[in-house]
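Enquirer: Sequence:
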Amino acid sequence: MGQVFKNYLNSSHVYCCVSCNTHLSAKEYVISKNFQGQYGPAYLVKSVINVSEGEPEDRDMLTGVHTACNIMCIDCQKILGWKYIKAFEQDQKFKEGMYILEKLLISRVK
1 MGQVFKNYLN SSHVYCCVSC NTHLSAKEYV ISKNFQGQYG PAYLVKSVIN
51 VSEGEPEDRD MLTGVHTACN IMCIDCQKIL GWKYIKAFEQ DQKFKEGMYI
101 LEKLLISRVK
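First residue of the sequence shown? That's 1 in the UniProt record's numbering, and the numbers climb one at a time after it.
There could be a bad hint or two in this list.
What the hints assert, rightly or not - Derived CB-CB ranges, DEER-like:
id, residue 1, residue 2, range
1, Gln92, Ser47, 13 to 21 Å
2, Gly40, Phe94, 21 to 29 Å
3, Glu57, Ser32, 22 to 30 Å
4, Gln92, Phe5, 33 to 41 Å
Since the hints were derived computationally from the structure, they do not count as laboratory data.
Ideal Cβ placement from N, Cα and C applies to all residues, glycine included.
From just these sequences and the hints, can you work out the full model?
Expert: Take a look at the structure:
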């Protein structure tokens, strides 16, 4: 694999991959901290950087069926959460195009 080119955020609160400290998102992109991920508490965010996306699949989640794909750190390849691609329930459409970052898999840099 070739060299990985990473982007960096200029923010007072940056969320990073807990494994390799790669920048992922910032406090101003957090929509909600009241989401549930596969491993516990998670953040719903509207923008992420330095991730790659897995294959989309339909998933039966707590709030209904969604088409989603895993998101992985571009540096260490650890799964960090997922991207909502499509929501089948009308009241869940606001999630489309947004991301879940698992709190256990990220750290915050001030």
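Enquirer: Each hint needs a verdict: does it hold in this structure or not?
Expert: Hints, one by one, checked against the model:
1. Gln92 with Ser47: 13 to 21 Å: At roughly 19 Å between Cβ atoms, Ser47 and Gln92 fall inside 13 to 21 Å, so the hint holds.
2. Gly40 with Phe94: 21 to 29 Å: holds, 22 Å
3. Glu57 with Ser32: 22 to 30 Å: Holds: the Cβ-Cβ distance is about 23 Å, inside 22 to 30 Å.
4. Gln92 with Phe5: 33 to 41 Å: Holds, at about 34 Å.
The structure shown violates none of the earlier numbered hints.
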